[in-house]
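K.L.:
Chain residues, written in single-letter form:
2 protein chains.
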Amino acid sequence: MKLLITIRFLGTGYCGWQKQKNCITVQEKMTEAAGMLFGFECDVTGCSRTDSGVHANMFCATVTAKGSDSINTTVPIDRIPRAFNNFLPEDIGVINAEWVENDFHPRYGAVGKEYEYLIFDRAERDPFMSGRSWHIPHGFSDSDIKNMNIAMSAVVGKHDFTSFMAQGSKIEDATRTVKYAYFEREGNIVRFRIAADGFLYNMVRIIVGTAVEVGEGKRSQNSISDIIAACDRKMAGRTAPACGLYLNKVFYNQAD
Amino acid sequence: MKLLITIRFLGTGYCGWQKQKNCITVQEKMTEAAGMLFGFECDVTGCSRTDSGVHANMFCATVTAKGSDSINTTVPIDRIPRAFNNFLPEDIGVINAEWVENDFHPRYGAVGKEYEYLIFDRAERDPFMSGRSWHIPHGFSDSDIKNMNIAMSAVVGKHDFTSFMAQGSKIEDATRTVKYAYFEREGNIVRFRIAADGFLYNMVRIIVGTAVEVGEGKRSQNSISDIIAACDRKMAGRTAPACGLYLNKVFYNQAD
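Chains A and B supply the protein sequences, listed in that same order.
Taking the numbering used here, I'd label the letters of the first sequence as residues 10 to 265.
Taking the numbering used here, I'd label the letters of the second sequence as residues 10 to 265.
Extracted from the complex, chain A is given alone in its bound form (with noise of 0.2 angstroms):
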C-alpha cells in the first residue's frame, strides 16, 4: 500500500513543490520529513507542479519507500498526520494521511482540480493579504465583476487553450474542459473559481489576467471565444502573479 497524504502550503517561501537545485521546494521538505518520520529514506510524489509562490489549500501526496511502490510502517494511520507535523515547517501542514492501493498515483489519478485566485481590491494595502492575494488598489464594482463573469462564461467547456498558456510550453493537446470559472465578491477580496479535468502551465494565471482587463474595461466581456478562437498566447492578457493562487481542491474518483 502507499500512503496518500493531503497537505496544506503557504507557498511564499517556496520554489513551487517539485524539488530543484539550488532552490527550497516543498517537495524537498516533505521527503525529509518523511525520512525523518519512518526511519528510512522515501519517495514523495505530488499531485501538480506548482509555481514558485503559489499556494495550496490541498494538495495531494504519495509517499513510498524510495524506489518502491509501497512503504511498510507501524505507524497508526490517524497518528500519521500530527508526526508527520513534528518534522515539517510552519508553513507546511498534514491535514489527513489514508491507505491506497500501489497503483494509485495522485497525479495521473486526479480527475480534476479547482484553483482559487484571491484579488484585494481596496485602495490602500492590507499587510495580512500581502503575499496571499494580488492587490489591485483601483478596486472592482459589480458591474465590473458581472462583466468578468460574462468573460468567464466563454471559458467554460472543453476548448484548445493554447491562448491561455504560457509560451514555449511543451503540450501536445491543449485541450480541456473547465467545468466552472467564476469571480464572486466577498468583503474587499474578489474570488475566482475555476475547475477542470486538467491546467496547463499558467492557465489559471492567464485566465484572470485577462479577465482583470476586462474588469478595467480594457477587453470587451464578448472578448474571450475570439482570444481561444487565435490559439495565440499574445492575443490573452497579462499572467496574474502568483501570491494570489491557491491549489484548492484535487478530484478523484471515488473508486480509487
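Mixed in with the good hints there might be a few duds.
Examples of chain B residues lying across from chain A (beta carbon under 7 angstroms, computed) [as the list claims (entries may be wrong)]:
(1) Phe18
(2) Pro90
(3) Asn94
(4) Asp100
(5) Ile104
(6) Pro136
(7) Phe137
Incomplete in silico selection of chain B near chain A, CB under 8 angstroms [as the list claims (entries may be wrong)]:
(8) Glu41
(9) Arg91
(10) Glu99
(11) Glu133
Derived from the structure by calculation, the hints contain no laboratory data.
Positions of the beta carbon are idealized from the N, C-alpha and C atoms, including for glycine.
Using the hints provided, position chain B relative to the given structure of chain A.
P.N.:
Coordinates of chain B only, in the frame set by chain A:
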C-alpha cells in the same frame, strides 16, 4: 496640526511597537518611512506599546516634525496613506491619515481599546493560521465555549486586575473597566473580543490563558471572581502566546 495615521501590521517580524536597541520595531519602520516621505526627521508616537509578535488590525499614531508638536507638508492628506506605504515593508500598511490638533495625544487621548484574540482549534495545524493564532489541537465544544463565556462575565465591569497583570509591572492603580469580553466560534477559529478603558501589561493574554483553562475543565467557570479578589498573578492561568493577539480598535472621543 499633527498627522493622525491609522495603520495595520502583522507583528510576527517585530519586537512590538516601541523603539528598542538591537531589535526591529514598528515604530522604527514608521519613523524611517515618515522621514523619507516628508524629507525631514519626524517623531512618530503610538497609541499603545504592543508586545513582540502581537498584531494590529487598527493602530493609531501621530506624526510630527522631530521635537515639534506639529508638521508642515504639501502632500495632500488623501495621498498620504499610499505615499507612506511606498516607504514601508509589506507587513505594515497605512490605511488612513487625517489632521488633528497639536494637543491630541494618541495614547493619553484614547478612551478605550478593543483587542481580539484568535484560537485555532482544529486537530491538525493550518499553515495559513500559523503565527496568526494560538493553535490548541484538542478543540472546544459549544459547551466549553459557553463555560468560558460564563467565566468572562465576571471580568466585565470595574475591577482591580492585579491578578491579570504580568508580575513586576510598575502600575500604581490596576483598576480598569471592561465593557465586554466574549468568545464566539467562527469555523475553526474561536474568536475572543474584549474592550476596556485601558489594559495592563499582558492583561488580555492572561485573561485568555485563564479562560482556556476553564474551557479545558481545569478551572470552574465560577472561579474568576475569586481570582480577581485575590489580587495575585499566581491565582490566574498561563499567559496565552502573543501570536494570537490583535489590537483591533482604538476609541477616541468624537470631540477630539
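K.L.:
Now look at each hint and say whether the structure bears it out.
P.N.:
Structure-based check of each hint:
1. Phe18: Cβ of phenylalanine 18 of chain B sits 6 angstroms from chain A, so the hint holds.
2. Pro90: Holds. Min distance 5 angstroms.
3. Asn94: OK, holds: asparagine 94 of chain B within 7 angstroms of chain A, min 6 angstroms.
4. Asp100: For aspartate 100 of chain B, the interface hint holds, since the closest Cβ of chain A sits about 5 angstroms away, which is under 7 angstroms.
5. Ile104: Cβ of isoleucine 104 of chain B sits 5 angstroms from chain A, so the hint holds.
6. Pro136: Holds, because the Cβ-Cβ distance from proline 136 of chain B to chain A comes to roughly 5 angstroms (cut-off 7 angstroms).
7. Phe137: holds (6 angstroms)
8. Glu41: violated (16 angstroms)
9. Arg91: Nearest chain A Cβ about 7 angstroms off; hint holds.
10. Glu99: Check passed: Cβ of glutamate 99 of chain B comes within 4 angstroms of chain A, closer than 8 angstroms.
11. Glu133: Holds. Min distance 4 angstroms.
Against the hints set out earlier in the document, a violation occurs for number 8 only.
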